[in-house]
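> Keeping their order, the protein sequence lines are chains A and B. Taking the working numbering, I'd label the letters of the first sequence as residues 2 to 372. Taking the working numbering, I'd label the letters of the second sequence as residues 50 to 467.
Heads up, some of the hints might be wrong.
[What the hints assert, rightly or not] Cross-link-like lysine-lysine pairs, in silico, DSS-like; alpha carbons within 25 Å at most:
| # | chain 1 | residue 1 | chain 2 | residue 2 |
| --- | --- | --- | --- | --- |
| 1 | B | K290 | A | K48 |
| 2 | B | K127 | A | K164 |
| 3 | A | K89 | B | K150 |
| 4 | A | K48 | B | K392 |
| 5 | B | K296 | A | K48 |
| 6 | A | K50 | B | K296 |
| 7 | A | K213 | B | K127 |
| 8 | A | K136 | B | K290 |
| 9 | A | K213 | B | K161 |
[Unchecked claim] To list a few chain B residues with every Cβ distance to chain A over 12 Å, as calculated:
| # | residue |
| --- | --- |
| 10 | Y107 |
| 11 | Q108 |
| 12 | E146 |
| 13 | S362 |
| 14 | T442 |
| 15 | V455 |
[Unchecked claim] Have a look at the derived ranges for each label pair, beta carbon to beta carbon:
| # | chain 1 | residue 1 | chain 2 | residue 2 | range |
| --- | --- | --- | --- | --- | --- |
| 16 | B | E402 | A | G230 | 18 to 28 Å |
| 17 | A | H106 | B | S463 | 42 to 52 Å |
| 18 | A | D118 | B | E402 | 54 to 64 Å |
| 19 | B | V149 | A | H106 | 51 to 61 Å |
| 20 | A | S337 | B | F450 | 49 to 59 Å |
| 21 | B | G228 | A | D118 | 44 to 54 Å |
By construction, these hints were calculated from the structure, which means they are not laboratory data. What you are looking at is a predicted structure, and each value in this text was computed from that prediction instead of being measured. In this text, a Cβ means the ideal position worked out from N, Cα and C, and glycines have one as well.
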Amino acid sequence: MIYLDYGATTPIDDEILDLYVRIEKDFFANTTSLHRLGQRSNFMFEKSKQELLNTLGIVNHDIIFTSNATEANNLAVLGYLSKYKSGKIITTKIEHPSVFEIYKHLEKNGFEVVYLDVLENGIIDIEQLKKEITKDTLLISIMWVNNIVGSIQPINEVINILKEYPRTKLHVDAVQGICKVKPDFSFNDIDMFTFSTHKIYGPKGVGALIYKNNLEIDKRLYGSNAQNGLKPGTLDLALVVCTCKAIKKFYPLTEKHLEYVKKINKILVDGFKKIPYIHINSNSFSSPYIVNISFPSINGETIVHTLENSDIYVSTGSSCSSKLATPEKTILAMTSSVDLAKSSIRISLSHLVTEEEINALLKALGEIKNV
Amino acid sequence: MYDLILVRYGEMTLKKKNYRQFLQKVNDNIKNKCKGLKKLKYFNTDYRFYIYLNGEDYQKVLDILDTVVGLYSYSLCKQTSTDYEAISSLAINMIEEYKVKYRALSGNNNEKLSFKVETNRANKQFPGTSIGISQEVAKRILPKINDLYVDVHNPDITLNIDLRTEGTYLYVETIKGLGGYPSGSAGKGMLMMSGGIDSPVAGFLALKKGVVLSAIHFASPPYTSDLALQKVVDLIEILAKYTLDGKIKLLVVPFTEIQTAIHEKANPIYTVTLMRRAMYKIACSIAKEKKIDVLINGESIGQVASQTLESMSVVNAVTNMPIIRPVVTYDKEEIVSVARKIKTYDTSIRPYEDCCTVFVPEHPVIKPKLEDVLVEEEKCDLEESIKKAIENTKTITLNCFEKYSVFNSDSNSSEFDI
Chain A
2 MIYLDYGATT PIDDEILDLY VRIEKDFFAN TTSLHRLGQR SNFMFEKSKQ ELLNTLGIVN
62 HDIIFTSNAT EANNLAVLGY LSKYKSGKII TTKIEHPSVF EIYKHLEKNG FEVVYLDVLE
122 NGIIDIEQLK KEITKDTLLI SIMWVNNIVG SIQPINEVIN ILKEYPRTKL HVDAVQGICK
182 VKPDFSFNDI DMFTFSTHKI YGPKGVGALI YKNNLEIDKR LYGSNAQNGL KPGTLDLALV
242 VCTCKAIKKF YPLTEKHLEY VKKINKILVD GFKKIPYIHI NSNSFSSPYI VNISFPSING
302 ETIVHTLENS DIYVSTGSSC SSKLATPEKT ILAMTSSVDL AKSSIRISLS HLVTEEEINA
362 LLKALGEIKN V
Chain B
50 MYDLILVRYG EMTLKKKNYR QFLQKVNDNI KNKCKGLKKL KYFNTDYRFY IYLNGEDYQK
110 VLDILDTVVG LYSYSLCKQT STDYEAISSL AINMIEEYKV KYRALSGNNN EKLSFKVETN
170 RANKQFPGTS IGISQEVAKR ILPKINDLYV DVHNPDITLN IDLRTEGTYL YVETIKGLGG
230 YPSGSAGKGM LMMSGGIDSP VAGFLALKKG VVLSAIHFAS PPYTSDLALQ KVVDLIEILA
290 KYTLDGKIKL LVVPFTEIQT AIHEKANPIY TVTLMRRAMY KIACSIAKEK KIDVLINGES
350 IGQVASQTLE SMSVVNAVTN MPIIRPVVTY DKEEIVSVAR KIKTYDTSIR PYEDCCTVFV
410 PEHPVIKPKL EDVLVEEEKC DLEESIKKAI ENTKTITLNC FEKYSVFNSD SNSSEFDI
């Protein structure tokens with residue numbers, strides 16, 4: 002099997018899986034129970050939170066564990082805006098559906114929404130942001146690394162612009178960036194950001210929202226007081242501890258893995274350049290973890306299934322919306338070509354991918370024209 | 050981006066003869082707390098303390114200064130060369146930058162902001178008078194910034210020029226410090242700590258006046274839980290931030306036997322009075338042995354039955370040691386506002402039973418008489434139990450750097466490794 006869909010999800014790391022089992026067995030007591038056993042679990046919970054934040058160098062934020070990044074994004078945007086009935090909010094045309102659809106919903110319900118364009122390189126139009134932002138803008142949501150083409154957004158520049166707008170809060174979807182790309186900003190300067198554990202070799206079913214201590218976020222779910230009242234319900238401590246472990250294990254390896262992935266990315270892209278009918282949608286501004294290409298005139302889905310026959314796994318668009326037959330919105334926003342947007346596939350890499358696997362993919366794609 | 054932090058001293062500047070001692074103490078305290086930041090250099094005059102950043106992160110220094118008692122305020126300064134052109138051009142940048150922040154913080158949305166220049170001419174080589182220099186600089190700034198006008202009496206923004214022999218420094222913003230006297234300048238006190246909202250505030254106010262603090266807590270397991278003790282531990286760890294070395298000792302007194310004896314033998318309306326008398330006796334006896342000068346607690350007049358002046362007097366009758374009650378005249382609201390400021394509030398409101406909430410009668414006596422109390426106390430025969438409680442008191446040394454867990458005193462055990 003050649004798995005090249007790490008942007009969709011990753012296989013769980015052995016050490017993390019072992020930890021998961023150990024915590025489920027040894028720390029099964031409810032973290033909110035008053036007895037000693039419960040408090041032992043709660044101690045482990047607090048310790049995990051602290052070690053996670055320490056690893057990321059975060060000093061003034063709190064963390065809420067949710068069921069996934071989608072829930073974390075909903076909690077961030079809707080929880081922060083809940084005290085407002087209307088107002089100006091800004092996002093981009095290339096957000097993941099877990100942010101994009103929230104803004105669509107808010108637009109229908111009285112908010113003035115600006116969707117920033119992206120330039121041909123997949124990066125947001127920063128000049129447009131400067132033009133659109135006002136001192137009354139409530140919230141800006143910008144993803145760190147785009148999930149379709151991998152374009153890295155200029156978060157640091159956005160932070161600098163926002164210094165002039167103290168009322169405007171910044172929300173960053175960090176799912177495709179964390180443990181992969183080296184941040185050019187400090188997490189301490191971001192009001193709210195989210196990530197998901199299963200993208201960094203941890204278990205599925207857990208995501209996190211990290212937000213500034215003094216930020217008021219309102220609950221979306223009603224129930225107990227667990228996790229500051231923002232995520233009521235019994236906590237799966239093992240998922241939390243594994244999230245901490247994944248960050249502790251892979252965040253310090255970010256640069257090392259990035260260097261390796263750059264190397265295999267180059268082999269891949271050089272290979273593509275030799276195949277005349279392939280159009281490469283990713284570029285030098287993209288995260289090397291994601292390579293997006295189009296086969297004009299062949300449907301992306303056809304290619305996915307053809308490769309699948311050779312036991313090679315890639316995806317069309319993002320897996321989160323890939324069953325929709327509409328043209329991929331990020332590629333469309335970048336190229337304005339429906340043809341390129343409909344025929345795109347995404348190859349997403351990892352430090353686990355070998356050169357042989359890349360060569361096998363190139364060989365299989367080279368033969369596709371004959372299908 | 051900043052070169053220097055200018056620090057002004059607090060309350061101690063009112064002192065005459067002892068001023069030198071206070072000065073020495075507060076300067077040592079700042080240096081001691083900043084010792085992790087190796088590149089810092091220090092200099093002081095009689096009324097100001099200067100911290101040269103030499104590339105250290107100013108925010109880290111500010112975070113430390115926010116925990117040093119005895120400081121009135123501080124300002125972040127930038128260095129420039131000693132000529133009018135350089136001073137004015139840096140001043141314009143700093144004012145433009147600060148304007149945005151000032152408007153955001155103060156909500157002042159007037160079209161124009163008032164402004165003045167103030168000069169401290171310590172460098173007598175620089176020609177002119179302080180006022181003359183201020184005017185020269187203002188003249189150069191005003192035409193360059195369009196929404197400013199001069200108001201020397203009531204300025205929104207003050208540009209300060211500090212002309213020193215080693216360099217010229219500018220600042221526009223002044224950050225308020227904790228105030229009070231330098232830590233360790235006022236003797237030792239023992240804080241009686243239940244875990245409520247008031248006692249941590251009382252402890253903080255005492256720390257601010259330079260008192261060296263330890264704390265005493267009365268635990269009545271199984272009526273009170275480990276969670277209640279953990280709450281006290283967490284509160285003290287917050288307070289420890291404001292001490293010189295980041296440490297506070299907590300004494301935990303086993304109180305169950307005394308509390309059950311009172312509950313079983315005395316008239317229930319006196320339960321609270323008798324309990325408090327026993328606590329005072331124990332605390333005073335330990336304090337004397339440890340050469341601690343005073344007890345400190347969070348009592349506030351009339352807040353509950355045991356805090357009427359009559360109750361206080363009957364309870365206080367067990368000792369002649371001074372009892373300091375920093376919040377005695379505060380309203381609850383005022384206490385809560387300090388608790389929120391020092392971030393003890395959220396911990397204090399955790400809903401666990403503490404020694405003051407178990408066995409509390411529905412209608413305690415509000416104006417107890419000493420002779421009646423003594424009769425009830427006699428019935429309980431507490432002397433032996435008190436002696437035993439003192440003997441079995443445990444000491445935990447807490448600090449603000451790492452969390453202590455009541456549940457896992459062995460929290461470094463490998464079962465908690467992640």
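> Confirm or reject each hint.
Hint check results:
1. K290(B) / K48(A): 20 Å, holds
2. K127(B) / K164(A): 20 Å, holds
3. K89(A) / K150(B): Holds. K89(A) to K150(B) sits at ~21 Å (cutoff 25 Å).
4. K48(A) / K392(B): It holds: about 20 Å lies between the C-alpha atoms, which stays within 25 Å.
5. K296(B) / K48(A): Distance ~21 Å between K296(B) and K48(A) Cα, so the pair holds.
6. K50(A) / K296(B): Roughly 24 Å separates the two Cα atoms, so the pair holds.
7. K213(A) / K127(B): Roughly 29 Å between the alpha carbons, so the hint for K213(A) and K127(B) is violated.
8. K136(A) / K290(B): 37 Å, violated
9. K213(A) / K161(B): 33 Å, violated
10. Y107: 14 Å, holds
11. Q108: 10 Å, violated
12. E146: 9 Å, violated
13. S362: 38 Å, holds
14. T442: For T442(B), whose nearest Cβ neighbour in chain A is about 23 Å away, the distance exceeds 12 Å, so it holds.
15. V455: 8 Å, violated
16. E402(B) / G230(A): 18 to 28 Å: 22 Å, holds
17. H106(A) / S463(B): 42 to 52 Å: Because 47 Å falls inside the window, the suggested range holds.
18. D118(A) / E402(B): 54 to 64 Å: The hinted range 54 to 64 Å holds for D118(A) and E402(B), with Cβ atoms some 60 Å apart.
19. V149(B) / H106(A): 51 to 61 Å: 33 Å, violated
20. S337(A) / F450(B): 49 to 59 Å: 56 Å, holds
21. G228(B) / D118(A): 44 to 54 Å: 53 Å, holds
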